[in-house]
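These are the residues of each chain, in order.
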Amino acid sequence: MSETRFSSLQMTALVILRALIGWHFLYEGVAKLTRGNWSAAGFLLESKWIFAPVFKWMAQNESILRVVDAMNIWGLILIGLALILGCLTRTAASAGMLLLTLYYLSTPPLVGLYYAIPSEGHYLIVNKNLVEIGALFVIAVTRSGQFAGIDRILGRLTGRSRR
Amino acid sequence: MTEEKKKPEQSGSEKKGLGRRDFLQGLATVPVLGAFALALSRDLSYERKRKAQAFSHARKRTGDVKEVKIALLGAGAQGQVLMDACLKLPGVRFTAVCDIWTEYNQRRAARMLDKFGHRVNAYEDYRELLAEEKGLDGVLIATPDFWHAEQTVACLEAGLNVYCEKEMSNTLEGARKMVEAARRTGKLLQIGHQRRSNPRYLHCYEKLIRETGLLGRITSARGQWNRAVQEDLGWPQRYEIPESVLHKYGFNSMHQFRNWRWYRGLGGGPIVDLGSHQIDIFSWFLGANPAAVIANGGTDYYAKTTHEWHDTVMAVYEYETRDGIVRAAYQTLTTNSSEGYFENFLGDQGTLHISESAGRGGVYREPQAPQWDEWVRQGYLLAPEKAGQATRADAVLDVRETIAPDRHDIPVIFNDPYHMPHLENFFDAIRGEADLTCPAETGYETAVAVLKVNASIEAGRRLVFDPREFHI
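So the protein lines, in turn, are chains A and B. Position 137 (the first sequence) corresponds to 137 in the numbering used here; numbering is contiguous. Position 289 (the second sequence) corresponds to 1289 in the numbering used here; numbering is contiguous.
Worth flagging that the hints you see were computed from the coordinates, not collected in a lab. Mixed in with the good hints there might be a few duds.
Cβ-Cβ distance ranges computed for the label pairs, FRET-style [said to hold, decoys possible]:
#	chain 1	residue 1	chain 2	residue 2	range
1	B	S1045	A	N37	15 to 25 Å
2	A	E46	B	V1081	31 to 41 Å
3	A	I64	B	G1250	46 to 56 Å
4	A	V138	B	P1370	42 to 52 Å
5	A	A13	B	S1220	51 to 61 Å
6	A	N37	B	L1024	39 to 49 Å
7	B	R1238	A	V111	49 to 59 Å
8	B	D1043	A	V111	33 to 43 Å
9	B	E1339	A	N61	47 to 57 Å
10	B	P1370	A	A13	39 to 49 Å
11	B	L1027	A	R35	55 to 65 Å
12	A	N61	B	V1081	56 to 66 Å
13	B	A1037	A	V138	24 to 34 Å
14	A	R35	B	E1441	35 to 45 Å
Here are some chain A residues the structure puts well away from chain B; computed CB gaps all over 12 Å [claimed, not checked]:
#	residue
15	N61
16	E62
17	I73
18	L99
19	G155
20	L157
Output of the computed footprint for chain A on chain B, the stretches with three or more beta carbons under 8 Å from beta carbons of chain A [stated by the list, open to error]:
#	stretch
21	1018 to 1028
22	1031 to 1042
Quantities reported herein were computed from a predicted structural model and do not represent experimental measurements. Glycine included, C-beta positions come from ideal geometry on N, C-alpha and C.
Full structure from sequences and hints, please.
And the structure:
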């Protein structure tokens, strides 16, 4: 891979982007947790397109649903914390992309698909989930955690960070 | 991490090991977590405040609650609803249950109560219950309407306090006797218009209508209860009640026993079963009894032989309130469930939409009315939601249209069984700790208002109420 140099300003921009996405994930998780009775069932049952049977099956199977709910809540919280702190950044960003991809595939904004869950805008194929997936891709392949984040400390301690 | 890319920007920290700069930059985003924690704590405390407001209506139960001994008369569908709600209340003990369907309703209720640790004696005839059961404080009556008057009067005269389901009676003579018996005996008689104790309704009445008057001058009201088509109620053949028993208790057949609400002389049809709840709210919120009513209705869909009362009714009431005339339209359909059930109060400054159905309700400010920010700050209303959110984004507003009003949610959450606060109010009144929210006189006024709908349909014209009709 050719060497790419980032200026401090560019790295700072990446750190800010990472923290913003982290905040979003963290609050999505915490809000579901504090609400107490949150469940993914409503969202999953709305699923359309070719993966709909899989998502609906998750919602209709009570024990599966419980696991899905817990993984959602704690996945969001842990990914959010990791992104904010820049800790295991690449793993966290990849996990976030995976989670968002599942959300996207459950209710993709494709031509001719309509959902009862209200969304705050109008989308054609690209929606905010997809944009956030793209943003996390940027975070996953750049080393903002090595610039400002726990990864910098971890790297120095384990000696795996190369300068 | 094993990223391969190089970052040359930290020219000052090229040395191995953890430097001061590494440490600071490594923890550079930790303050974000602090900001998040601060924002979250404000968010949570706002939610807590909202919830506290919602539950401030619920009475706090501390220490011992004086036990109230009660019997259930009529263990059908409604009796079960009351029983389930009572089982969630502290200090309520069932000692007897009475139902003429001994093999089914009676047995089911007794078994259920036994499961919850209430040892009950079961009776077929309420007179036997009254003769045998001593030490009762109250009775819940959930029998068919045509039994209410006789049973209520007998229970009151036996020295018992009575919670009687609505409709108070299928005849005004019956209802009148109940009021008189309550006065004569000095015992409590609560009529089962349970919305009168519902914290959401109490909030709307006390804060939004009386205290703030934020609807302005109320000019009209609207209410409906629309139900989907339903099959007649059936019964398991092996549990059929013997004909002699049915006759003894005023029923011609098992079909009539199960579907008494549709039969003349037994019930009053949907306008009485469903409508009386909501017409009761009209009178309560408007602070007046109706001055006139005109109604139209009939059995348009079901078989007239088994549905003697109207399956479809539309009525328009006129109220003469302190602020002026209010016209109130009410309808009940049993052939279509569109928009379910709700009551609307429409004033020149706002609209109140309220339903016993807990997820529904809202207050809408008219565009030209004064702002409601003060009421939002005081917690009487929740913050408004964006106007026109529900309308299609591509819909073009005609210049003659008024823009859609903001919607404010009602801040009171109520997730208990619907009848629970009303029963609790009855038990608290027995304990001497509360006044009834729907005493006999109030139930009577509503019975007068509601039964006139059927009379107006028969007469085919507008009927005027004599104000004296409402009082005994």
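Hints versus structure:
1. B:S1045 to A:N37: 15 to 25 Å: With Cβ atoms ~20 Å apart, the hint holds.
2. A:E46 to B:V1081: 31 to 41 Å: With Cβ atoms ~32 Å apart, the hint holds.
3. A:I64 to B:G1250: 46 to 56 Å: holds, 53 Å
4. A:V138 to B:P1370: 42 to 52 Å: holds, 49 Å
5. A:A13 to B:S1220: 51 to 61 Å: About 58 Å separates the Cβ atoms of A13 (chain A) and S1220 (chain B), which means 51 to 61 Å holds.
6. A:N37 to B:L1024: 39 to 49 Å: holds, 42 Å
7. B:R1238 to A:V111: 49 to 59 Å: Because 58 Å falls inside the window, the suggested range holds.
8. B:D1043 to A:V111: 33 to 43 Å: holds, 37 Å
9. B:E1339 to A:N61: 47 to 57 Å: Check failed, 33 Å falls outside 47 to 57 Å.
10. B:P1370 to A:A13: 39 to 49 Å: holds, 46 Å
11. B:L1027 to A:R35: 55 to 65 Å: At roughly 31 Å between Cβ atoms, R35 (chain A) and L1027 (chain B) fall outside 55 to 65 Å, so the hint is violated.
12. A:N61 to B:V1081: 56 to 66 Å: violated, 32 Å
13. B:A1037 to A:V138: 24 to 34 Å: With a Cβ separation near 27 Å, A1037 (chain B) and V138 (chain A) satisfy 24 to 34 Å, so the hint holds.
14. A:R35 to B:E1441: 35 to 45 Å: holds, 44 Å
15. N61: Correct as stated: the minimum Cβ-Cβ distance to chain B is 26 Å, above 12 Å.
16. E62: holds, 22 Å
17. I73: holds, 15 Å
18. L99: The claim stands: L99 (chain A) keeps its Cβ more than 12 Å from every Cβ of chain B (closest is about 19 Å).
19. G155: violated, 6 Å
20. L157: violated, 6 Å
21. 1018 to 1028: As far as the stretch 1018 to 1028 of chain B goes, the hint holds, because 8 residues have Cβ atoms under 8 Å from chain A.
22. 1031 to 1042: The restraint on the stretch 1031 to 1042 of chain B holds, since 4 of its residues have a Cβ under 8 Å from chain A and three suffice.
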